[in-house]
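A.B. asks: In order, the protein sequence lines correspond to chains B and X. Positions 518 to 655 (the numbering used here) are the ones given, in order, by the first sequence. Positions 480 to 1277 (the numbering used here) are the ones given, in order, by the second sequence.
Quick caveat, the hints were computed from the structure, so don't treat them as lab data. Treat the hints with care, since some could be wrong.
Ranges of calculated distance between the beta carbons of each label pair, as one might list FRET restraints [what the hints assert, rightly or not]:
{"#": "1", "chain 1": "B", "residue 1": "622", "chain 2": "X", "residue 2": "1249", "range": "51 to 57 Å"}
{"#": "2", "chain 1": "X", "residue 1": "1256", "chain 2": "B", "residue 2": "579", "range": "44 to 50 Å"}
{"#": "3", "chain 1": "X", "residue 1": "1203", "chain 2": "B", "residue 2": "521", "range": "40 to 46 Å"}
{"#": "4", "chain 1": "B", "residue 1": "622", "chain 2": "X", "residue 2": "1146", "range": "39 to 45 Å"}
{"#": "5", "chain 1": "B", "residue 1": "602", "chain 2": "X", "residue 2": "1251", "range": "14 to 20 Å"}
{"#": "6", "chain 1": "B", "residue 1": "521", "chain 2": "X", "residue 2": "1171", "range": "49 to 55 Å"}
{"#": "7", "chain 1": "B", "residue 1": "530", "chain 2": "X", "residue 2": "1265", "range": "27 to 33 Å"}
{"#": "8", "chain 1": "X", "residue 1": "1105", "chain 2": "B", "residue 2": "625", "range": "45 to 51 Å"}
{"#": "9", "chain 1": "X", "residue 1": "1101", "chain 2": "B", "residue 2": "585", "range": "49 to 55 Å"}
Residues of chain X clear of chain B, computed beta-carbon distances all greater than 12 Å [as the list claims (entries may be wrong)]:
{"#": "10", "residue": "544"}
{"#": "11", "residue": "634"}
{"#": "12", "residue": "660"}
{"#": "13", "residue": "1203"}
Where is the CB? At the ideal position from N, CA and C, for every residue including glycine.
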Amino acid sequence: MNELILRTVTAVVTFIIILFGIQLFFAGHYYPGGGFIAGLVTAGALVLLLLAFDIQTVKTMVPVNYRMLIGVGLLFALGTGLGGVVFDVPFLTHAHGHVMLPVLGDVSLHTAVLFDLGVYLVVVGVTMTIIETIGEEE
Amino acid sequence: MLNWAIVSPLIAALFVPFLSKYVRSIHTGWFVLPIPVLLFSYFIQHLPLKPYGQTIPWIPSLGMDFQVYMDGLGLLFSLLITGIGSLVVLYSIYYLPKEKEKLGHFYVYLLLFMGAMLGVVLSDNAIVLYLFWELTSFSSFLLIGYWNERDRSRYGAQKSMLITVFGGLSLLGGFLLLSIMSGGTYSIRGWIDMAGAWPEHPLFLPAMLLILLGAFTKSAQFPFYIWLPDAMEAPTPVSAYLHSATMVKAGIYIVARFTPIFAVSPLWVWLVMGVGMATLCWASFHAARQTDLKGLLAYSTVSQLGLIMSLLGAGALAFHGDLSDRRLYTAAVIAAVFHLINHATFKGSLFMAAGIVDHETGTRDIRRLGGLLGIMPVTFTVAVIGSLSMAGIPPFNGFLSKEMFFAAMVQVANADWLSLEVWGALFPVLAWVGSVFTFLYSVLFVGKTFFGAPKPSAWPKQPHEAPAGMLVAPVVLAVLVIGFGLFPNVLSETVIAPAADAVVNGLLRGEGLSVHISHWHGWTTEVWMTIGVIAVGALLYKTFPSWKRVYGAFPEQLSLNRLYDASVRHMEEQSYRLTSAYMTGYVRTYFVYIFSAMMALLIATIALKVDWGLSFRHVAEVGVHELILVLAALAGTVTTVAAKSRLVAIIALGSVGYTVSLFFVLFRAPDLALTQLVIETISVSLFLLCFYHLPKLSRHEKGVRFRLGNAILSLGVGALVSVIALLAYSEKNFASIAQYHIENAYEKAAGKNIVNVILVDFRGFDTLFEICVLAIAALGIYALVKLKAPKGESGKYE
């Protein structure tokens, strides 16, 4: 079946969805959004790819082992927590502040974002693992 | 030192398996023999007795220490345990061939038992006593089931385990009650010192009954004696040791030990004396019908234990009455202690003689035995001495203690309190009847085995006299029987007096408890009773074949063994029936149980605890949007429940989910709304996936079947949860802590999305584990789908 329209639209829309997901992720601390919903939206973009193409093609386009992604995400979340312990404060104490960076200038940074990144990666990994696993099964 | 003496057999038991495995040329028993001999010589050094105690801390914070105390009673039992233990080990060396038997097992069990028994009689801490008590039950179980390839052995072992552990647990209950009454101590001596004020205590009676139950089951009293005849499946040295001389006397020991605490209660006197007497008569009557030598000896053990028990009951009368009474009834205690020693000696020798007969002829059935007199003269002599002592014939020691028994029972008949003026006269009569039957079975034991015509054709083996080594132990015991019979006062001041003093707890302190046992008191009542026993017993023996049919008159259906077997079987059957009735295997049944239980508990709690004060002061205004959404959600819910097809139900469920998402929008929860929207989409697609993959065969599109019970239950649960929610809402008494988050989200956590700040910062810990949950779910699905066992091999890993 000729899926030209679907694939063309997908090529355009996927980027918009991924950008929306990234926007949700970074806005999370100030506006609605955050790691969880951002992860789901990103996974949605990947699912759209899956719908438009077949699993093998998507695997070549996005060569990511999603089970690995779950582990990396958990490590981010746990590592953020353990980072507090190194500085002699309780587990999962976040730090934030303004930092002068060479190119970007004055940036407000927060370790909670790293934690949220962990959540994001886990959610993407989990959703994609489930969908891929079920999809590949005969 | 005393503590180590108690545990030394247990330590030695650790080494026995190595010896039996690596030193095959020597019978393991020779390595075991020194232990009881050394212990015996250690204990005998304590004569004349100076009571002393010793404590090794174990769990001091709970008052449980390895506390030992040796007084007359403990010493007497220790001497019996180690003395008879030495002889039994010696006997077993010749009885059990080293080529065929698992000697390592045997001696480990035997040493376990020996240490446990020493622990029982020497412990002053009730909990430690209980531990050792259970260890005796346990090692006895192992010894009875020693030939575990035989059905009867396993049956006997299980029966004795069930009955004695039942008693052991009730003993523990009694100890705990006593500990409560005494304010937390577990020291038995402490209890005895405090006992004066207890008879009025509400726990006094339960404690007494529980402890008596423990003592009666262990000592095979009526009606718990039924395990003992079945315990005769053990090897004969075990029967001689455990089931005649030591373990069955543990209950006697408990009764004697707790006499100073409970004897003031009339019920104690009546129970101990009455049960003992009933056991004596019942078991001696039944002993005469046995055709198995060991069965006969088992019943005779039961009856003799009943005799000792009734004497202890009579001795408890010393705690009533005035000073002269005290002295009179203390004589009963002395008789009990003396008979305890005598019984251990003659019953040990009789069991060993029976074992020799079994060993040499291959049978223990007295219908097949006879005429062994000329073949086994030494065994015959031992058996005659033991039997005559058991029957109470002079000049053996059994005669002396039987005389003292009669004297004590005549005393009981003369007592004029505790209703004994009415019923007391029964006791000498019953004692006399029991003794007549004792005489009968003692004579039967010797007569049927050794006299009459030899029946070589009935014997599996060609008999000859036993080897000398096997005869040593029974001969030593027989010599003791005669020795104690001729010179009883060797024992009286050294062993019996301190033991009796421990039982009555120095009741005669200052009066001097003097024990003098003499053969001849003149023409007293008890002499005439003995003459009567011999005369009537001889007559009964002569006419035994003609009245033997009396035993058939007792209906077999009503025997206690039948009762035991039937109750065990019924318990198993009924438990099985009950379990299969409620464990149906259907999840829906269990849901009914769970929801019913939840409703019952919640309704009961609400009815009992909650004030009915519904208030609506916190309730906000209801707007039009909310109403519309509620109606939409309701419509979706009703469609889901009432849908005829699954597809409709799935779509309706999705609509409910999206409505909830709209609720989140309406109630100003944008994060929740976003997440709910996406998650609902994913779960609906997963539902569709499941629906699509349903197997073709059972894919009938059927509506939900209506069941009234389920409808009532679900309506009930719904109503209940609503009521609880309303009640909880109207009881909302404290301000929420949300204000803190609102105020500090930006100040402290540098974020303006409060929900997200809570999720990653204030309560990040929860989030960490929620992503773990997600990860586990994903990996679980991956494993379920990918790691399926190939078809036909599903049972491979089970």
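A.B. asks: For every hint, state whether the structure bears it out.
C.D. replies: Okay, the hints, checked on the actual structure:
One distance hint, 51 to 57 Å for the beta-carbon pair residue 622 of chain B and residue 1249 of chain X, is violated here, with the actual separation near 36 Å. Taking 44 to 50 Å as the suggested C-beta distance range, the pair residue 1256 of chain X and residue 579 of chain B does not conform, at roughly 22 Å. Checked against the hint of 40 to 46 Å, the pair residue 1203 of chain X and residue 521 of chain B fails, with Cβ atoms roughly 58 Å apart. In this structure, residue 622 of chain B and residue 1146 of chain X meet the distance hint of 39 to 45 Å, their C-beta atoms being roughly 40 Å apart.
As the Cβ distance of residue 602 of chain B to residue 1251 of chain X is approximately 18 Å, the hint placing it in 14 to 20 Å holds. Taking 49 to 55 Å as the suggested C-beta distance range, the pair residue 521 of chain B and residue 1171 of chain X does not conform, at roughly 27 Å. Taking 27 to 33 Å as the suggested C-beta distance range, the pair residue 530 of chain B and residue 1265 of chain X conforms, at roughly 31 Å. For the pair residue 1105 of chain X and residue 625 of chain B, the beta carbons lie near 39 Å from each other, so the given range of 45 to 51 Å is not met.
At roughly 50 Å, the beta-carbon separation of residue 1101 of chain X and residue 585 of chain B lies within the given 49 to 55 Å, and the hint holds. The Cβ of residue 544 of chain X lies farther than 12 Å from every Cβ of chain B, with a closest approach of about 44 Å, so its non-interface assignment holds. For residue 634 of chain X, the requirement that its beta carbon stay farther than 12 Å from each beta carbon of chain B is met, with the minimum near 56 Å. The non-interface label for residue 660 of chain X is consistent with chain B: the shortest C-beta to C-beta separation is roughly 50 Å, beyond 12 Å.
Listed as outside the interface, residue 1203 of chain X is consistent with that label: its C-beta sits roughly 30 Å from the nearest C-beta of chain B, beyond the 12 Å cut-off.
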